[in-house]
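Residue strings, one per chain:
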Amino acid sequence: MAAFDTTNWSVIVRAAADDSATAREALAALFEVYWYPVYAMVRRYGHNATDAEDLAQAYFARLIEKGWVKEVRPEHGRFRSFLLVSVRNFLHNERDRERAVKRGGRTRAISLDGAAAEQRYALEPVESSTPETIFERAWANEVLSRALERLRNETAKTEGADRFERLKGHLTGDEPAETYRELAEAWDVGESAVRVALHRMRKRLGTILREEIADTVADPADVGEELRHLLTTVGQ
Amino acid sequence: MADQQRCARCGAPLQPHHGDGESCPRCLLALGLSTGLGSRDPTPAASPAGGGLAGFPDQLGELRILDCLGVGEAGTVYLAEQAPPAQGKVALKVVRTGLDAAEVLDRFEAEHEALTHITHPGIAKMLQTGTTEDGRAYFVMEWIRGVPITEYCDRERLTTHRRLALFVEVCEALHRAHEVGVVHRNIKPSNVLVVEEDGKPHPKVLDLGIARALDQRLTAESLYSARSLLSGTPCYVPPELMDPSGLPPEADARSDVYSLGVLLFELLVGTPPFDARRLRQAGWAEMVRVIREEEPAPPGRRVRGLGGVAATEVALQRGTEPRRLALELQGDLDAIVLATLLKDPSRRYSSVLDLATDVRRHLRHEPVSVRTLGLGARLRRFLRRS
Ligand SMILES: Nc1ncnc2c1ncn2[C@@H]1O[C@H](COP(=O)(O)OP(=O)(O)OP(=O)(O)O)[C@@H](O)[C@H]1O
Ligand SMILES: [Mg+2]
Numbered sequence: 062m063a064a065f066d067t068t069n070w071s072v073i074v075r076a077a078a079d080d081s082a083t084a085r086e087a088l089a090a091l092f093e094v095y096w097y098p099v100y101a102m103v104r105r106y107g108h109n110a111t112d113a114e115d116l117a118q119a120y121f122a123r124l125i126e127k128g129w130v131k132e133v134r135p136e137h138g139r140f141r142s143f144l145l146v147s148v149r150n151f152l153h154n155e156r157d158r159e160r161a162v163k164r165g166g167r168t169r170a171i172s173l174d175g176a177a178a179e180q181r182y183a184l185e186p187v188e189s190s191t192p193e194t195i196f197e198r199a200w201a202n203e204v205l206s207r208a209l210e211r212l213r214n215e216t217a218k219t220e221g222a223d224r225f226e227r228l229k230g231h232l233t234g235d236e237p238a239e240t241y242r243e244l245a246e247a248w249d250v251g252e253s254a255v256r257v258a259l260h261r262m263r264k265r266l267g268t269i270l271r272e273e274i275a276d277t278v279a280d281p282a283d284v285g286e287e288l289r290h291l292l293t294t295v296g297q
Numbered sequence: 012m013a014d015q016q017r018c019a020r021c022g023a024p025l026q027p028h029h030g031d032g033e034s035c036p037r038c039l040l041a042l043g044l045s046t047g048l049g050s051r052d053p054t055p056a057a058s059p060a061g062g063g064l065a066g067f068p069d070q071l072g073e074l075r076i077l078d079c080l081g082v083g084e085a086g087t088v089y090l091a092e093q094a095p096p097a098q099g100k101v102a103l104k105v106v107r108t109g110l111d112a113a114e115v116l117d118r119f120e121a122e123h124e125a126l127t128h129i130t131h132p133g134i135a136k137m138l139q140t141g142t143t144e145d146g147r148a149y150f151v152m153e154w155i156r157g158v159p160i161t162e163y164c165d166r167e168r169l170t171t172h173r174r175l176a177l178f179v180e181v182c183e184a185l186h187r188a189h190e191v192g193v194v195h196r197n198i199k200p201s202n203v204l205v206v207e208e209d210g211k212p213h214p215k216v217l218d219l220g221i222a223r224a225l226d227q228r229l230t231a232e233s234l235y236s237a238r239s240l241l242s243g244t245p246c247y248v249p250p251e252l253m254d255p256s257g258l259p260p261e262a263d264a265r266s267d268v269y270s271l272g273v274l275l276f277e278l279l280v281g282t283p284p285f286d287a288r289r290l291r292q293a294g295w296a297e298m299v300r301v302i303r304e305e306e307p308a309p310p311g312r313r314v315r316g317l318g319g320v321a322a323t324e325v326a327l328q329r330g331t332e333p334r335r336l337a338l339e340l341q342g343d344l345d346a347i348v349l350a351t352l353l354k355d356p357s358r359r360y361s362s363v364l365d366l367a368t369d370v371r372r373h374l375r376h377e378p379v380s381v382r383t384l385g386l387g388a389r390l391r392r393f394l395r396r397s
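First to last, the protein sequences are chains A and B.
For the first sequence, my numbering assigns the number 62 to the initial residue and increments by one for each residue that follows.
For the second sequence, my numbering assigns the number 12 to the initial residue and increments by one for each residue that follows.
Derived by calculation from the structure, the hints in this document are not laboratory data.
A portion of the hints provided could be inaccurate.
A few chain B residues facing chain A, derived, Cβ under 10 Å [as the list claims (entries may be wrong)]:
(1) Cys-21
(2) Gly-22
(3) Ser-34
(4) Gly-43
(5) Asp-78
(6) Ala-97
(7) Leu-116
(8) Phe-119
(9) Glu-120
(10) His-123
(11) Asp-165
(12) Thr-282
(13) Trp-295
(14) Arg-315
(15) Gly-319
Glycine included, every Cβ here is placed at the ideal spot set by N, Cα and C.
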C-alpha cells in the first residue's frame, strides 16, 4: 500500500473537497484494507454476521454519497479515529437495519470477504471487550500483520523464506544465548551474523510500520503519535 | 484477569490465542518508535565493548547484553543479564560520547550517596556505575518491565479517579527523593514506568540523579533535536530552566512540581499543555517564548476545545463521555494543574507533597488548598456544599 500514495489518507482528505472519482477510489481501497475492525465493532454492537456485512457496505455507500470525508479537519486527521467515530454515529442513526440496507447495503460498492471476517471474529475475546476496544485492537493488529507480511515477502526475496520464519519469533529480543547459537549452526554462519540479521529485520520492521501508518494519517508528523496510540490498544 | 498471559518484557496482557513462540504485538509495534527518528541510532561506531556487529555490543564487563531497550537524548539503554550467580536481568544505560565520564560519575556520586539512604518501591534502584573501555559512563539499574505511565493509563482505560490515584503515588516516590535533597529534573512519561504486580499498577520513577549528573536538557541542541521534539520532551521542561540568556538556576523541588504538572495534564487530557505540533514547527526561540510566557488553557477547557472526534477518543480512553470529562476536570483539577504550571516557581506548590495532598483531598471530595486560599473561592465552595 505504501507504494501507491494515491491511496493514502492525506491524499483523500485533500481530494475529498472536490469529491473526485480518484478520492472515492482511494477511499474504497483504504476501507477495504481496514474494514475488518469496522466489521468487528458492528458485530460487537450485537448485529449478526450477515447484518454486519450489510451495514459495513451501507456505511461505506453513505460515506461516499454524503461526502462525509469533507468533514475531516486536520486536527482529527487520522483515518482510524475518523472511522471509529463516524461508524458509531452511523449505527446510532441507523438503528433500523432495513432502512440502512435499503440505502445502499445491497449495492456492494466494495468487495469484502464476510466469511473470512467472521472466522477472525470468532477468535476475539468478545466478553471482555467493548465494540470500541475490539475496533482499536483489530486496527492495530491489522497494521502489524500488514507490516509483518511485507517484511516476510521482502526477506523471502533477499534471504530465503526460512530466514524470516526462524527469526520472526525473536523480533522483540532478549534471547537466551542458545537461540543465537542454534540458528548460527543451522545456517552455518557465526553467531554475530545471526544478531546482525535480527537487528536488520527489527529496524526494517520499524520502518515498514511507520510507512503503513503514514498511509492512515493526514500529516506525516502524526505517525509517532498514532503509533503511541496503537501501543495502548493491542493489550486491551 | 489474574491468570492472563503477559509479555515478559513490557507486562502488557497478551490475547488468549497468543501463540507460544509469537512476539508481543505491543513490543513489535514499539519497534516503529525506535526507528525513523533520524538522530542517534544505537548502531556500532562507539560500542562500549567493541564487537557490536548487531547494532549493539555483546558484553560489558560481567554483563551480557541482550537487546536495546531504547535510545534517549543522553545515551542508549540496553537490557542485560548479570553473570551467574546473580543472573538477574538489568537495564544498562551507556551515556553517549562527548561527556567526560569522570565528571559525570563524580556528580552522580554526590547525589547517589543521598539516595542510598532511602529505598522506596516507587524508585527504580541504581545498582552500579562504571566507565566503558572507550571512556563512557554507564549506569546499571533495576530493569522495569513496564510501559510509560501515560501508555498504561490509556491502555487500561483508567478513569480520571484512578489516574489521579496513580499520580499521587508518583508524587510520593519523588517526595522521598526530595527529602534527601535529590531533585529529578527530568520527569516525563518515559521516566515514569508502570508495572503490574498482583493485578495492581505500581509506578516506578527512573533516572533519579542522572539528569543532574549529565547536566542534561538545557541546551537548544538537545531540546530542539528531532527525538526530543517527537517525544514531546520540551513540554516537560520548566520555564525557569529554559533560560535563553545564559545559565539557568539550579533546579529545585519546584521544578519537579512543574514537570509533574505537565504529566498530570497529559494524564487527564491526553495531550501536554502546549500543542506538540505547534512547538515542533515553532523554531527554538519561539518554543522557548511559548513555554516561558504563554498561559496554558486549563484542562477542562482544553477538553471542551478538542471537538468531535478527538474529544470522543480522549473521553473513551477515560471510560466516559466528552461532556462528563470536561465537568470532572473543571474546578478543583483545573486549579490544581494550573497551580503547578505557574511560570514563577515561588507561586507554585512549594513541595511535591503539597501537590499530592491537594490531589488526595480532591479524591476525597474535600476542599483543595489552591482554591481555599482565596476567601471568595472558599465561600463559594461552602455555599455549594451546604
Ligand atoms: N531501568 C529501565 N527499565 C526499563 N526500561 C527502561 C529503563 N531505563 C530506560 N528504559 C527505557 O529505555 C528507553 C530509553 O531510555 P532513556 O532514559 O535513555 O531515554 P528517555 O527516558 O527517553 O530520555 P532521558 O534520556 O531524558 O531519560 C525509554 O523508553 C525508557 O522507558
Ligand atoms: Mg530515561
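Against the structure, the hints come out as follows:
1. Cys-21: 8 Å, holds
2. Gly-22: Constraint on B/Gly-22 satisfied, holds at 9 Å.
3. Ser-34: Result: holds, 4 Å to nearest chain A Cβ.
4. Gly-43: This hint holds: B/Gly-43 lies near chain A, its Cβ roughly 4 Å from the closest one there, short of 10 Å.
5. Asp-78: This hint holds: B/Asp-78 lies near chain A, its Cβ roughly 3 Å from the closest one there, short of 10 Å.
6. Ala-97: 16 Å, violated
7. Leu-116: 28 Å, violated
8. Phe-119: Hint on B/Phe-119: violated, closest Cβ of chain A at ~27 Å, above 10 Å.
9. Glu-120: Violated - the Cβ of B/Glu-120 stays beyond 10 Å from chain A, reaching only about 30 Å at its closest.
10. His-123: Interface hint status for B/His-123: violated (27 Å vs cutoff 10 Å).
11. Asp-165: 4 Å, holds
12. Thr-282: Where the cut-off is 10 Å and the nearest Cβ of chain A is about 9 Å from B/Thr-282, the hint holds.
13. Trp-295: Status violated, d = 17 Å.
14. Arg-315: 14 Å, violated
15. Gly-319: With a minimum Cβ separation of about 6 Å from chain A (threshold 10 Å), the hint on B/Gly-319 holds.
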